[in-house]
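Peer 1: As a plain string of letters, each chain reads:
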Amino acid sequence: MSPATPRPTDVYFFATCVVDQFFPGAGMDAITLLERLGVRVHFPEDQTCCGQPAYTSGFPDEARKVAAHQLTLFPNDWPVVVPSGSCAGMMKHHYPTLFAADPVRKAQAEKLSPRIYEFTRFLVDVLDYRPEDRGSACTVVLHTSCSARREMGVHLSGKKLLGELSQVTLAQQDHESECCGFGGTFSIKQPEISGAMVEDKVQALKASGAERVVSADCGCLMNILGHAAWKDRQEGRTSASLPGEHIASFLLRRTAP
Amino acid sequence: MSDQITEHRLHFKPAEGFRSRAKAVVDTPFLRQSFRGAMDFLMSKRAAQFPDPEELESLRTLGEQIRQYNLARLPDLLEQLEANLTRNGVRVHWAETPDEANAIILGICQQWNAKLMVKGKSMVSEEIELNHAAEAAGISALESDMGEYIVQLAGEKPSHIIMPAIHKTKEEIARLFAEKVPGVDYTDNVDALIQIGRTVLRQKFMEAEVGLSGVNFAVAETGTLCLVENEGNGRMCTTVPPVHIAITGIEKIVEKLDHVPPLYSLLTRSATGQNISTYFNMISGPRKPGEKDGPEEVHLVLLDNGRSQAYADEQLRKTLQCIRCGACMNHCPVYTRIGGHAYGTTYPGPIGKIVSPHMLGLDATAGLTTASSLCGACGEVCPVKIPIPELLMRLREEAFSAPHPNPAMRGQGAGYSPLVSAIWRGWAFVYRSPAMYRAVSWLTSRFNWLTPSRQGAWTSVREPLKPAAKRLRDRVRERG
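Protein chains in written order, with this note's numbering: chain A, 1 to 257; chain B, 1 to 480.
For the record, the hints were derived by calculation from the structure and aren't laboratory data. Glycine included, each C-beta is placed from N, C-alpha and C at the ideal position. It is possible that part of the hints are untrue.
Per the computed footprint, the stretches of chain B lying under chain A, defined by three or more beta-carbons under 8 Å from a beta-carbon of chain A, are [what the hints assert, rightly or not]:
(1) 303 to 316
(2) 456 to 462
(3) 467 to 473
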């Protein structure tokens, strides 16, 4: 909530590679919601990936090559909205470090950094969005990614948005701030530990009594929903015991005229 | 005798085998619950000590600044410490390796014809595996901290740097005492168990020729060794036997006495959620003429064991800010799932993952660097703001890059795999070029029905990932 910031007329949308290929619906819904709030959304056709997978795996040279390309995508001085706390964190906080030895790109990264917004933060702090609930009563549980919470400090934005919805009850979960166990390549390099973490997370989300889980990070959703569905299949359930979606999709549906 | 020693020798296990040790814990529901309960308890104790986030943040900043100030002057401070300790009558020894440290300590024991060494809690003595070296030299080393005593009775290593026996239940300890302590019947009454330990140990303090302790803060300007403890065993070890040997890593130094209170407060509040510990010992030298108690000789062994390697690199130096509170492990979702022993290193958990590579080399620890989701919980609670996730990423880079001359770390490139590196180069080749990415993502989406249903480790507990038939970019374009 910074009314002093002028309301932008245009934004760039950096979808992330996960949303582009695995959660295109979430990306569409985020774009639609932004447009409904009166913002023109520009989707740079040449966007690929923020470079985080290589960066966190210990391959900064490869991350740099990919990140360098993204630096060229946003020529106008518009905000860049990212529907993921972890990809936004990579671009906002790690690009300047990644290009520490490259003065030209470092300067570009530093100029870009303050323009990077995680989606829910942009809705709350820049657009001062107060969604009007048009849906029927339901209970949801919110999973906030570790990057959104600890790197971007935006864990309250999602809560605030859901709190505005009059018919939606936000369920409490055990160990709310604990990681779901995704961690990019961690999930395949240490599958036993990652598996135990996601098992506990899914149990806690289900035990909250919520009908569904919403999150602003598709990486976590891929992990959480992937495990919940696997468990359903293991235990012979035909309908999803823990459905879930990106918070953009949930907000769009709740506020549909 | 020597066969027995070899058989019971508990050497550092290299980090190989980490995954199977981790799996063994993860697959044991009782252990999972037990670690979870213990860590929840410790987290809530710490949280109760820091109700005001702003105060916590300013304390952490102060802690970080004090540690960085002192590390920046480390070589000078070590000289100052040695001069002032020597002036106070403390003999200072320098050890580059664990073997050197053991030789120094056992040499002093032999000068005194020592048969028994009582030990206060010291992770550095675990790091050098002093108990085994002592045993091999015919000296018994007896742990006097209750947790360490339990772990020693069981023939194990500590599973946590603050709570060494946190992996044991009351009932396990009761069985252990009944089996190992002569004349003790089974009881799982905690007070009774503690009393049994105290009774055994009380006599040993009187018999021991040498008392060994760690050091929490070594103050350079005064030549003072500060020791934080809760059981009074530290005070017994450092005052009752005729010889006191303290051992510490070279990084535990502060210039001024004024630096101690903020760090001490951060330490006890972060570690056990205590306002202050029950005992705080300030040791400034041996018994002086006319004094009625205190040791006749005091020694300090300053151990390097890879610390100067971390020191030499500006980023890795932050590893040495650590004050060994253990909050990072208490808050770590990985440590909570697998406990301390799975790591196979003296220091487990997040701090263990960033400090052990300097002690053991990356060849033994490369795999450990991957055992983190980089969730950041460790960095968030660290009382001296060590950026643990950032250091883990650096260690991954050191471990998995191709071996090169003049590496910053021993074992650099130990995890290098030409195939994995080629995969990342291929990944970068696709994602750095919009045309390549468009082509590859178009193919994987268009032919998404070809997506394999088994996707390695991912599908061990998850449904397979399948690209959507239409990418977001296709839907955006179609919409116009």
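Peer 1: Now look at each hint and say whether the structure bears it out.
Peer 2: Against the structure, the hints:
1. 303 to 316: The restraint on the stretch 303 to 316 of chain B is violated, since only 0 of its residues have a Cβ under 8 Å from chain A and three are required.
2. 456 to 462: holds (count 7)
3. 467 to 473: Holds, because 6 residues of the stretch 467 to 473 of chain B bring their Cβ atoms closer than 8 Å to Cβ atoms of chain A.
Hint compliance for this structure: hint 1 alone is broken.
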